[in-house]
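One line per chain: the protein sequences are Y and B, in this order. Residue 72 in the numbering used here sits at position 71 of the first sequence, and the numbers go up by one each step. Residue 236 in the numbering used here sits at position 235 of the second sequence, and the numbers go up by one each step.
Please note that a few of the clues may not be correct.
Which copy is meant is left open, so a pair is good if it fits within one copy or across any two.
With a cut-off of at most 30 Å between alpha-carbon atoms, the simulated BS3-like pairs for lysine-lysine come out as follows [stated by the list, open to error]:
(1) Lys283 to Lys69
(2) Lys29 to Lys367
(3) Lys283 to Lys29
If you are wondering where the hints come from, they were derived from the structure by calculation, not from laboratory data.
Number of protein chains: 2
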Amino acid sequence: MLILNHDDPRPLYVQIYAQVRERVLTGKLPAEARLPSARDMAAELGVSRNTVESAYQELLAEGYIHTKARSGYFVSTIGHEVPPAPPQRTAMPSRVPRTRYTFDFHPAGLDPVSFPASVWRKYYLEHLRMDEPLLARYGDPQGDPALRASLRDYLERSRGVACGIEHIVICSGLQHSLDMVAQLLRGRCMALATEDPGYPLPREVFANHGYEVVPTPVGPGGLDLAALEASTCDIAYITPSHQFPLGEVMPIANRLRLIEWARQGRFIIEDDYDSELRYQGKPIPSLQGLRPDGNIIYTGTFSKILSPALRLSYMVLPPSLLAEYHRRFLFHLPGAALPEQRTLAAFMDNGHLERHLRRMRAVYRKKRQALTAALARHFGPKAEVIGQEAGLHVVVRLMGEPRGEAERTKLAEASGIRLLPFSIAHADGRPADEFLLLGFGAMTPEQLDQGVRLLFDISYGPEPRSH
Amino acid sequence: MLILNHDDPRPLYVQIYAQVRERVLTGKLPAEARLPSARDMAAELGVSRNTVESAYQELLAEGYIHTKARSGYFVSTIGHEVPPAPPQRTAMPSRVPRTRYTFDFHPAGLDPVSFPASVWRKYYLEHLRMDEPLLARYGDPQGDPALRASLRDYLERSRGVACGIEHIVICSGLQHSLDMVAQLLRGRCMALATEDPGYPLPREVFANHGYEVVPTPVGPGGLDLAALEASTCDIAYITPSHQFPLGEVMPIANRLRLIEWARQGRFIIEDDYDSELRYQGKPIPSLQGLRPDGNIIYTGTFSKILSPALRLSYMVLPPSLLAEYHRRFLFHLPGAALPEQRTLAAFMDNGHLERHLRRMRAVYRKKRQALTAALARHFGPKAEVIGQEAGLHVVVRLMGEPRGEAERTKLAEASGIRLLPFSIAHADGRPADEFLLLGFGAMTPEQLDQGVRLLFDISYGPEPRSH
Numbered sequence: 002m003l004i005l006n007h008d009d010p011r012p013l014y015v016q017i018y019a020q021v022r023e024r025v026l027t028g029k030l031p032a033e034a035r036l037p038s039a040r041d042m043a044a045e046l047g048v049s050r051n052t053v054e055s056a057y058q059e060l061l062a063e064g065y066i067h068t069k070a071r072s073g074y075f076v077s078t079i080g081h082e083v084p085p086a087p088p089q090r091t092a093m094p095s096r097v098p099r100t101r102y103t104f105d106f107h108p109a110g111l112d113p114v115s116f117p118a119s120v121w122r123k124y125y126l127e128h129l130r131m132d133e134p135l136l137a138r139y140g141d142p143q144g145d146p147a148l149r150a151s152l153r154d155y156l157e158r159s160r161g162v163a164c165g166i167e168h169i170v171i172c173s174g175l176q177h178s179l180d181m182v183a184q185l186l187r188g189r190c191m192a193l194a195t196e197d198p199g200y201p202l203p204r205e206v207f208a209n210h211g212y213e214v215v216p217t218p219v220g221p222g223g224l225d226l227a228a229l230e231a232s233t234c235d236i237a238y239i240t241p242s243h244q245f246p247l248g249e250v251m252p253i254a255n256r257l258r259l260i261e262w263a264r265q266g267r268f269i270i271e272d273d274y275d276s277e278l279r280y281q282g283k284p285i286p287s288l289q290g291l292r293p294d295g296n297i298i299y300t301g302t303f304s305k306i307l308s309p310a311l312r313l314s315y316m317v318l319p320p321s322l323l324a325e326y327h328r329r330f331l332f333h334l335p336g337a338a339l340p341e342q343r344t345l346a347a348f349m350d351n352g353h354l355e356r357h358l359r360r361m362r363a364v365y366r367k368k369r370q371a372l373t374a375a376l377a378r379h380f381g382p383k384a385e386v387i388g389q390e391a392g393l394h395v396v397v398r399l400m401g402e403p404r405g406e407a408e409r410t411k412l413a414e415a416s417g418i419r420l421l422p423f424s425i426a427h428a429d430g431r432p433a434d435e436f437l438l439l440g441f442g443a444m445t446p447e448q449l450d451q452g453v454r455l456l457f458d459i460s461y462g463p464e465p466r467s468h
Numbered sequence: 002m003l004i005l006n007h008d009d010p011r012p013l014y015v016q017i018y019a020q021v022r023e024r025v026l027t028g029k030l031p032a033e034a035r036l037p038s039a040r041d042m043a044a045e046l047g048v049s050r051n052t053v054e055s056a057y058q059e060l061l062a063e064g065y066i067h068t069k070a071r072s073g074y075f076v077s078t079i080g081h082e083v084p085p086a087p088p089q090r091t092a093m094p095s096r097v098p099r100t101r102y103t104f105d106f107h108p109a110g111l112d113p114v115s116f117p118a119s120v121w122r123k124y125y126l127e128h129l130r131m132d133e134p135l136l137a138r139y140g141d142p143q144g145d146p147a148l149r150a151s152l153r154d155y156l157e158r159s160r161g162v163a164c165g166i167e168h169i170v171i172c173s174g175l176q177h178s179l180d181m182v183a184q185l186l187r188g189r190c191m192a193l194a195t196e197d198p199g200y201p202l203p204r205e206v207f208a209n210h211g212y213e214v215v216p217t218p219v220g221p222g223g224l225d226l227a228a229l230e231a232s233t234c235d236i237a238y239i240t241p242s243h244q245f246p247l248g249e250v251m252p253i254a255n256r257l258r259l260i261e262w263a264r265q266g267r268f269i270i271e272d273d274y275d276s277e278l279r280y281q282g283k284p285i286p287s288l289q290g291l292r293p294d295g296n297i298i299y300t301g302t303f304s305k306i307l308s309p310a311l312r313l314s315y316m317v318l319p320p321s322l323l324a325e326y327h328r329r330f331l332f333h334l335p336g337a338a339l340p341e342q343r344t345l346a347a348f349m350d351n352g353h354l355e356r357h358l359r360r361m362r363a364v365y366r367k368k369r370q371a372l373t374a375a376l377a378r379h380f381g382p383k384a385e386v387i388g389q390e391a392g393l394h395v396v397v398r399l400m401g402e403p404r405g406e407a408e409r410t411k412l413a414e415a416s417g418i419r420l421l422p423f424s425i426a427h428a429d430g431r432p433a434d435e436f437l438l439l440g441f442g443a444m445t446p447e448q449l450d451q452g453v454r455l456l457f458d459i460s461y462g463p464e465p466r467s468h
């Protein structure tokens with residue numbers, strides 16, 4: 002018979018429900034067995050009839066029992082027995098190692114205290130207060146119109162991107178944009194050329210979507226256009242303002258040649274991920290602006306210039322894809338959180354983005370100088386810095402006979418140094434013994450110096466000294 | 002010659018850069034033409050030599066010009082001429098109509114003043130204050146571990162879902178989860194069965210990913226399992242707690258039969274989108290809990306029970322897919338904003354979610370009663386309410402000879418009524434003249450009564466009276 006536990010926090014009717022359910026599932030109460038009437042069971046258990054009725058109603062709703070007219074409750078035929086499965090509680094380590102690093106050379110690391118929190122908070126709270134129904138809405142699936150309008154003007158002003166607000170789609174990160182592009186181009190395109198060495202995420206997204214991915218070499222002007230033109234690729238993913246990771250700027254001749262290549266139904270994905278962070282001269286104008294009516298999908302993000310935690314990014318679709326976008330994403334909903342979108346729009350409209358960028362350029366220029374000085378100081382002629390005075394990372398070519406990449410990575414981890422191996426940029430993952438990929442955004446000049454000194458020991462010295 | 006405009010807000014070096022650039026692009030300055038030395042141009046324009054040098058450095062960086070040793074600057078061969086393209090400024094209407102509706106019967110409409118803003122704000126600000134580096138980080142790609150831990154306990158307690166935190170992936174909405182599932186199952190599965198009538202988003206996502214989509218009829222117990230078993234489908238998308246839109250609960254016998262179907266390498270996507278909003282009895286336990294080690298992908302969201310604007314949702318992957326998930330999403334980044342994730346974890350840990358849910362059940366129960374009372378009052382025997390006492394919508398079967406769906410939708414729009422046609426749930430989009438799909442979440446009882454009265458006129462009456 003059922004046993005009720007009055008110390009159990011669960012209501013009595015839930016206990017009755019659970020015990021009957023278990024007996025039905027395990028076959029202890031066979032199909033068509035008749036249950037006691039609610040009155041009888043209530044009397045037997047010493048509870049109210051309503052309590053039993055509530056339990057019976059649940060069991061009825063879920064199909065464990067059924068009624069026969071005026072005859073009472075009967076167990077239903079459920080077809081299979083179900084042994085109770087124990088809940089799994091083992092907590093496996095998540096992918097991000099929980100180690101707190103003393104030195105963080107991750108190429109996407111930002112200055113940890115630079116987020117304009119008080120200004121952000123001010124606009125965020127304003128929106129929460131002023132527009133209470135804001136949180137009850139989904140918002141425009143393409144992204145908040147106010148944000149898209151601010152972004153349109155900003156992109157024209159600072160990146161030379163020419164578009165209407167109807168071409169802008171607010172996203173929650175590059176992978177969201179690329180997911181949409183992969184869906185958008187299905188049936189039209191089949192093979193994506195990626196820069197090799199290059200950013201690994203596009204390879205992963207398009208491979209996941211069933212596209213052929215063709216890693217294509219990178220030369221002094223960025224993507225090797227002869228190799229591209231000789232291939233069967235119909236999409237090219239490029240980082241022309243600041244090639245990741247080697248830093249090349251794609252010169253105008255190559256840009257025009259690439260635009261010409263894209264004319265016959267091919268597409269360019271221009272990933273302008275950190276172009277505002279340029280410390281010598283002004284940011285390189287976008288490729289998109291050279292042919293706004295061409296087949297160029299332009300993507301940008303706030304993850305490098307503002308915050309990666311907010312998941313705010315965008316893409317500008319070419320006119321040729323706009324109708325297809327609306328067709329293929331008719332029932333889709335926004336990707337990015339609406340309060341964040343509105344806050345960002347206000348932040349931009351009041352000039353804070355450009356103020357923040359000016360400040361961050363100064364901060365990151367100083368950090369880059371500290372890194373290159375530390376490299377000169379500790380590596381001397383053994384390290385050659387590759388890349389532009391831009392972005393949040395440099396690549397270092399190691400001369401002589403450094404330790405291999407795998408060993409360096411292990412020693413770094415053991416020394417509390419977060420060091421991403423350059424080989425993540427290789428499509429085939431082959432080790433890059435001669436290259437270091439060093440982010441400088443997350444550390445102070447002092448930390449950079451100490452970290453670089455340890456890196457020298459890791460690369461060339463005996464076992465690193467403890468710190 | 003170049004003409005500088007001292008009233009132009011752009012710096013002089015930018016003007017020089019822009020004008021030389023334009024001449025190179027349009028061919029006015031042909032390839033290999035020699036530019037004046039910086040000193041000569043500076044003298045001619047009446048600016049400093051540094052100003053001209055800055056412009057030349059930009060042009061050099063972008064490949065418009067090149068230097069020959071000690072000979073000066075020469076125009077580079079760019080290969081194509083580029084006529085300047087005018088910026089597009091026409092603002093086309095975005096997909097969400099800007100009309101403010103007087104009556105909002107959208108099935109996903111929430112009570113506009115119910116969001117627990119002050120509590121949310123409190124935890125949000127706490128996190129901004131306490132953890133300044135929070136905004137400089139991406140966070141765990143699988144979702145914040147604190148949130149996943151809170152969610153794990155909540156899901157076990159309230160939904161009978163059995164899993165470890167390693168099985169939970171925080172997402173930014175159902176479409177994000179389904180995008181990932183579609184990528185995860187590529188190569189393994191090819192055809193998705195969807196409920197018909199049913200929620201349109203899964204059809205769209207999987208079709209975009211190149212899967213075959215097989216709309217499958219819905220009967221009294223939800224998805225028609227005989228039809229499913231007779232098909233070649235290897236994935237089934239279901240809403241077993243509260244079928245959208247008809248409201249059926251899938252009984253236990255069907256659940257077990259479906260789990261048996263999924264054993265041979267097939268998968269079930271259980272979308273538990275509004276199960277906590279049940280006004281009679283307690284929420285139906287998840288299908289996942291019947292076989293946590295089976296091939297069931299469980300998805301849930303905070304869009305109905307908390308806020309659709311925050312873009313917070315989750316999925317629980319079965320153990321059989323965990324390794325593949327890590328393999329296919331190695332370089333992926335989080336979908337949901339990190340401050341929101343942390344705030345939600347604190348909100349849940351302090352009991353606010355369950356408090357909020359209790360409050361909202363009372364609110365929505367009352368609204369549903371107001372709706373059904375209004376239907377009885379204004380439609381009488383012409384309207385039969387279909388569906389459970391659950392969720393945020395009902396379906397009404399219209400008796401007699403109502404106006405056709407297309408006409409009703411048009412009249413509703415003209416009367417300031419937001420009315421989603423039931424036919425969005427039909428895979429083939431065929432009109433559903435006999436059904437109304439009515440959300441009740443967004444209106445007060447008074448508005449529901451007035452709105453329903455107008456709906457009667459729209460469905461049966463002469464032209465609706467103006468209101």
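Hints, one by one, checked against the model:
For the homomeric pair Lys283 and Lys69, the shortest alpha-carbon distance between copies (23 Å) is at most 30 Å, but the shortest distance inside one copy (81 Å) is not. In this assembly of identical chains, Lys29 and Lys367 lie within 30 Å of each other by CA distance neither inside one copy nor across copies; the values are 74 Å within and 40 Å between. In this homomeric assembly, Lys283 and Lys29 come within 30 Å of each other (Cα to Cα) only across copies, at 24 Å, whereas the closest approach inside a single copy is 77 Å.
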